[in-house]
Amino acid sequence: MSNTYLAAVLALVGGGIFLSFLRLILGPRATDRAVALDTTTLISTSLIVLISVLEGRSILLDVALVYSILSFLGVLAIARYLDGGLK
Amino acid sequence: MSLLNILAHVFTGLGALVLFASGLGVFRMPDVWNKMHAGTKATTLGSILFLTGMAMLKPEWTPKIFLILLFVVLTNPVSSHALARSAHMDPQEKPDNLEIDDLHGEEEE
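Which chain is which? The protein sequence lines are S and P, in order. Start counting the first sequence at 1; every next residue gets the next number (this note's numbering). Start counting the second sequence at 1; every next residue gets the next number (this note's numbering).
None of these hints come from the bench; they were simulated from the model. None of the values given here were measured: they were computed from a predicted structure. Some clues are possibly wrong.
Not everything, but these chain S residues come out facing chain P in the computed CB check (under 10 Å) [claimed, not checked]: (1) 10; (2) 13; (3) 22; (4) 24; (5) 27; (6) 35; (7) 36; (8) 42; (9) 47; (10) 75; (11) 81.
In this text, a Cβ means the ideal position worked out from N, Cα and C, and glycines have one as well.
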């Protein structure tokens, strides 16, 4: 990957994380924050894969996999909590 | 530059664009339903494109990247369903033009 292209891709992915994280902080209601958390973690997974490919370290792919599993469980737990718990 | 490399760049660029659009949508959209539309569907497409580009860039890592991709594709609809359900239970998020509401109707009886 050339440097300019890499900078553009990193800026786009980082910008997406930044905007959704801003919504996570600002979000007026709890459901907005939960959606923003879901989006932030999913974009971050792609960013971790990009970093692992750039650095040439395949161990970071495991990090990305575990990160996506934990984010899925976290979002599910938050959603069930906002729903009123398990019934 | 080989054909696979060019394709990898195209897929990665498109994926990054869609991921950015998803973040922008979550930031800009007015209510939680619109935010969910941008934040859950667009991230699935963006992840598919981006991770496919990454797998083309490093062909020897394809199995592991495909595992991440499969996990994202399987779990993202589930989490978005749970989020939509929790948003539906929030009375302040109820749309004005919703006339028939079976999910809430059962709860009130």
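The hints, checked one at a time:
1. 10: At 8 Å from the nearest chain P Cβ, residue 10 of chain S passes the 10 Å test, so the hint holds.
2. 13: Cβ of residue 13 of chain S sits 5 Å from chain P, so the hint holds.
3. 22: It holds, given that the least Cβ distance between residue 22 of chain S and chain P is near 6 Å, below 10 Å.
4. 24: Because about 9 Å separates residue 24 of chain S from the closest Cβ in chain P, which is inside the 10 Å limit, the hint holds.
5. 27: holds (9 Å)
6. 35: Result: holds, 5 Å to nearest chain P Cβ.
7. 36: holds (5 Å)
8. 42: With a closest approach of 4 Å, the residue 42 of chain S hint holds.
9. 47: holds (9 Å)
10. 75: holds (5 Å)
11. 81: Hint on residue 81 of chain S: holds, closest Cβ of chain P at ~8 Å, below 10 Å.
Comparing the model with each earlier hint shows no violations; every hint is respected.
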